[in-house]
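2 protein chains.
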Amino acid sequence: MSLVVQKFGGTSVADVKKIKNVARRVAESKKRIDHLVVVVSALGDTTDQLLELARQITSNPPERETDMLLSTGENVSMALLAMALNEMGADAVSMTGQQVEIITDTGHTKAKIRHVGAERVIQELRKGKIVVVAGFQGVTSDGEITTLGRGGSDTTAVALAATLHADYCEIYTDVDGVFTADPKVVPGAHKIDEVSYLEMLEMAATGAKVLQSRSVEYARNYNVPLHVRSSFHEGEGTWVRSEDKIMEKPIVSAVTHDSSEAKVTFLGVPDKPGVAAELFGALADANINVDMIIQNVSEKERTDISFTVNQDDLRDVRKISMKIAESIHAKDTRFDERIAKVSLIGAGMKTNPGIAARMFRTLAENGMNIEMISTSPIKISVVVREENGEKAVRVLHKEFGL
Amino acid sequence: MSLVVQKFGGTSVADVKKIKNVARRVAESKKRIDHLVVVVSALGDTTDQLLELARQITSNPPERETDMLLSTGENVSMALLAMALNEMGADAVSMTGQQVEIITDTGHTKAKIRHVGAERVIQELRKGKIVVVAGFQGVTSDGEITTLGRGGSDTTAVALAATLHADYCEIYTDVDGVFTADPKVVPGAHKIDEVSYLEMLEMAATGAKVLQSRSVEYARNYNVPLHVRSSFHEGEGTWVRSEDKIMEKPIVSAVTHDSSEAKVTFLGVPDKPGVAAELFGALADANINVDMIIQNVSEKERTDISFTVNQDDLRDVRKISMKIAESIHAKDTRFDERIAKVSLIGAGMKTNPGIAARMFRTLAENGMNIEMISTSPIKISVVVREENGEKAVRVLHKEFGL
Numbered sequence: 001m002s003l004v005v006q007k008f009g010g011t012s013v014a015d016v017k018k019i020k021n022v023a024r025r026v027a028e029s030k031k032r033i034d035h036l037v038v039v040v041s042a043l044g045d046t047t048d049q050l051l052e053l054a055r056q057i058t059s060n061p062p063e064r065e066t067d068m069l070l071s072t073g074e075n076v077s078m079a080l081l082a083m084a085l086n087e088m089g090a091d092a093v094s095m096t097g098q099q100v101e102i103i104t105d106t107g108h109t110k111a112k113i114r115h116v117g118a119e120r121v122i123q124e125l126r127k128g129k130i131v132v133v134a135g136f137q138g139v140t141s142d143g144e145i146t147t148l149g150r151g152g153s154d155t156t157a158v159a160l161a162a163t164l165h166a167d168y169c170e171i172y173t174d175v176d177g178v179f180t181a182d183p184k185v186v187p188g189a190h191k192i193d194e195v196s197y198l199e200m201l202e203m204a205a206t207g208a209k210v211l212q213s214r215s216v217e218y219a220r221n222y223n224v225p226l227h228v229r230s231s232f233h234e235g236e237g238t239w240v241r242s243e244d245k246i247m248e249k250p251i252v253s254a255v256t257h258d259s260s261e262a263k264v265t266f267l268g269v270p271d272k273p274g275v276a277a278e279l280f281g282a283l284a285d286a287n288i289n290v291d292m293i294i295q296n297v298s299e300k301e302r303t304d305i306s307f308t309v310n311q312d313d314l315r316d317v318r319k320i321s322m323k324i325a326e327s328i329h330a331k332d333t334r335f336d337e338r339i340a341k342v343s344l345i346g347a348g349m350k351t352n353p354g355i356a357a358r359m360f361r362t363l364a365e366n367g368m369n370i371e372m373i374s375t376s377p378i379k380i381s382v383v384v385r386e387e388n389g390e391k392a393v394r395v396l397h398k399e400f401g402l
Numbered sequence: 001m002s003l004v005v006q007k008f009g010g011t012s013v014a015d016v017k018k019i020k021n022v023a024r025r026v027a028e029s030k031k032r033i034d035h036l037v038v039v040v041s042a043l044g045d046t047t048d049q050l051l052e053l054a055r056q057i058t059s060n061p062p063e064r065e066t067d068m069l070l071s072t073g074e075n076v077s078m079a080l081l082a083m084a085l086n087e088m089g090a091d092a093v094s095m096t097g098q099q100v101e102i103i104t105d106t107g108h109t110k111a112k113i114r115h116v117g118a119e120r121v122i123q124e125l126r127k128g129k130i131v132v133v134a135g136f137q138g139v140t141s142d143g144e145i146t147t148l149g150r151g152g153s154d155t156t157a158v159a160l161a162a163t164l165h166a167d168y169c170e171i172y173t174d175v176d177g178v179f180t181a182d183p184k185v186v187p188g189a190h191k192i193d194e195v196s197y198l199e200m201l202e203m204a205a206t207g208a209k210v211l212q213s214r215s216v217e218y219a220r221n222y223n224v225p226l227h228v229r230s231s232f233h234e235g236e237g238t239w240v241r242s243e244d245k246i247m248e249k250p251i252v253s254a255v256t257h258d259s260s261e262a263k264v265t266f267l268g269v270p271d272k273p274g275v276a277a278e279l280f281g282a283l284a285d286a287n288i289n290v291d292m293i294i295q296n297v298s299e300k301e302r303t304d305i306s307f308t309v310n311q312d313d314l315r316d317v318r319k320i321s322m323k324i325a326e327s328i329h330a331k332d333t334r335f336d337e338r339i340a341k342v343s344l345i346g347a348g349m350k351t352n353p354g355i356a357a358r359m360f361r362t363l364a365e366n367g368m369n370i371e372m373i374s375t376s377p378i379k380i381s382v383v384v385r386e387e388n389g390e391k392a393v394r395v396l397h398k399e400f401g402l
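As you go down the protein sequences, you meet chains A and B in turn.
By my numbering, the letter at position 90 of the first sequence is numbered 90, and the numbering carries on one by one without gaps.
By my numbering, the letter at position 15 of the second sequence is numbered 15, and the numbering carries on one by one without gaps.
It cannot be assumed that every hint is accurate.
Treat identical chains as interchangeable: a pair holds within one or across any two.
What the hints assert, rightly or not - 30 Å max Cα-Cα, derived DSBU-like pairs, lysine-lysine:
#1 K331 <-> K245
#2 K30 <-> K184
#3 K112 <-> K129
#4 K110 <-> K127
#5 K331 <-> K17
#6 K272 <-> K30
#7 K398 <-> K127
#8 K249 <-> K323
#9 K17 <-> K112
Hints are computed from structural coordinates only; laboratory data are not their basis.
Note that this is a predicted model, so its numbers are computed, not measured.
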């Protein structure tokens with residue numbers, strides 16, 4: 001018996017006409033799939049519209065109430081999709097996060113899934129019904145409504161696929177799949193047929209927006225194959241699965257870029273044990289996610305520590321940096337928003353030395369200075385000036401024959 | 001310790017500005033009331049907009065999915081009102097029908113309340129919080145979301161007031177209270193200071209739209225005083241309470257009218273036992289509400305039976321009337337939509353004979369023919385030609401010195 005979870009994002013259900021299209025597609029799928037669960041996001045930009053309403057009322061809404069408000073978006077789309085399916089003769093029933101028992105922690109607006117019950121989903125699937133589930137939302141064990149943060153519907157879909165032991169999870173979106181680079185930047189960029197979880201994680205972390213890291217992590221932990229594909233045509237998209245299932249392993253799979261980060265530098269930090277721990281401990285306490293970290297060799301027992309954070313967090317970093325600098329006896333702090341991070345991703349890199357050198361040489365030959373470097377076994381990221389970001393993507397995409 | 005339930009309808013929370021006004025008013029109330037529960041409807045005409053979306057998808061939406069869809073409207077307004085209250089320093093928390101435990105039967109789109117738990121409401125009230133509750137919605141014991149039908153938010157408010165033993169329940173609306181007649185028809189109509197549950201029930205049943213019969217019935221059963229008042233100014237509205245609490249008892253309290261009914265007549269029905277039971281049994285089976293029923297004296301062992309139904313139900317009545325007529329051996333059927341029902345309401349009528357005669361004489365003197373008559377101890381209703389309806393209201397309002 002086949003069991004598949006399909007997820008349709010906001011652009012796929014932006015209006016009545018698109019909802020009907022999704023319904024047709026789902027009803028068509030049901031003919032070849034025994035058990036079908038469909039996870040939906042809110043219609044189009046409903047979530048932003050609701051947030052705007054809240055913003056007109058208060059600049060500081062209680063997060064619990066924000067969750068109450070935002071969860072309504074997915075409830076509308078799930079009900080409308082269930083209606084559209086029934087209208088075309090496909091027996092469907094909608095369910096809220098609460099009814100599905102998506103049990104989360106109490107971290108309102110970015111709750112983490114603790115457990116998925118899905119007992120009622122299984123009951124309805126056994127009756128032959130298509131189960132339409134509101135994405136993005138969960139409920140605490142106390143019955144408080146939570147949301148899973150942006151991209152949370154993907155996580156809902158993957159979590160359900162894991163719980164139900166689905167054959168795979170299809171993520172329908174407004175692009176054809178995962179690309180070797182952003183097609184808006186590199187006209188020659190092309191769709192990747194398959195990619196490993198780890199590569200996809202690195203791509204998501206370095207700027208690819210098609211999937212959120214969190215849902216890929218979840219898929220990897222439970223070994224749920226993902227199929228990222230277009231909701232507008234029938235063509236195959238990109239399969240994301242475990243590395244040992246991937247036939248062809250190119251050395252470099254993709255070039256990603258990200259202009260949303262800022263660089264922070266603490267200058268003249270005493271080079272002694274515990275300083276880095278204190279610095280990054282203070283940032284963690286302030287709930288700030290740090291991406292790349294660089295510490296230069298020390299001179300006269302002092303060193304410089306640089307790291308990147310999301311630009312959205314920069315204001316908070318500025319606020320606490322003075323206090324941190326004082327506490328760790330740093331001489332000064334610098335902030336730089338005009339940077340771009342460019343990354344090469346490829347599972348084959350770990351067995352092919354020399355990729356990094358070739359990357360650095362290509363950038364140098366094109367007159368671009370590298371400000372920071374960070375590597376993992378399957379990724380090399382560099383920070384360059386913001387204005388060089390897109391050019392760097394293009395020359396690297398060409399150099400590595402993507 | 002005082003405990004009050006306040007209910008604000010859709011027009012009172014139609015936009016952000018109005019929500020802020022409601023929040024100011026609620027926060028002001030909290031200064032003089034110890035425990036405050038606020039029930040809200042959906043913003044403005046949200047419910048109609050959602051129904052229109054559904055209608056674009058299907059002419060026959062499953063009622064369960066309609067409830068899923070419609071319940072989102074109140075969830076938006078409750079969250080926004082809770083935010084607005086917190087913004088002005090009033091500690092507030094919103095709750096869905098599920099969280100309040102408004103347990104209903106499974107009659108989707110017109111569910112009836114079976115039981116109200118309200119345990120969490122009491123917990124939050126004890127902490128000094130204002131509890132904002134989504135009106136109109138409930139949940140079955142199986143966790144299915146239901147709605148209570150149009151005007152259901154009033155019922156939510158009254159049911160909560162009864163469960164919490166509230167001192168009274170305030171219904172905020174876009175009019176100043178209950179009037180002696182529709183002010184649009186009778187310019188001299190004025191607000192009634194107090195009225196009994198029974199009078200209010202008769203008024204709601206005969207065309208007054210300010211309160212739904214169902215919520216008044218609920219209030220009467222649990223003896224919850226209602227205060228119907230304007231959400232736009234501070235003035236007192238109309239108190240609805242038990243008759244023995246009412247100081248001044250006018251003979252006639254109000255003149256109401258209703259043009260939404262149609263008259264149906266079965267001609268030449270055999271005058272023998274069981275015929276009326278068969279006729280109205282068949283209508284009840286088709287879920288059609290019958291209002292006035294008249295049976296004339298019989299001639300030659302045959303009689304005519306007339307009754308009124310809502311015009312919305314007339315199509316269904318036409319559909320089944322042929323079959324009914326055949327089954328009860330009626331000679332013919334007639335349908336008439338061009339009627340108006342005009343009613344005099346007054347608790348004092350039962351101890352003041354001659355009101356009916358005076359009413360009929362007034363109408364006759366003004367050249368209006370009476371087609372049907374129906375009375376209760378505190379109400380006299382007549383059916384006249386539709387074009388005479390408003391004139392009848394005016395002359396009766398004058399005749400009885402309202």
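Hints, verified against the model:
no., hint, in the structure
1, K331 <-> K245, "neither (51 Å within a copy, 79 Å between copies)"
2, K30 <-> K184, "neither (35 Å within a copy, 56 Å between copies)"
3, K112 <-> K129, "both (28 Å within a copy, 27 Å between copies)"
4, K110 <-> K127, "between (34 Å within a copy, 26 Å between copies)"
5, K331 <-> K17, "neither (60 Å within a copy, 50 Å between copies)"
6, K272 <-> K30, "neither (63 Å within a copy, 58 Å between copies)"
7, K398 <-> K127, "neither (53 Å within a copy, 64 Å between copies)"
8, K249 <-> K323, "neither (48 Å within a copy, 74 Å between copies)"
9, K17 <-> K112, "neither (33 Å within a copy, 35 Å between copies)"
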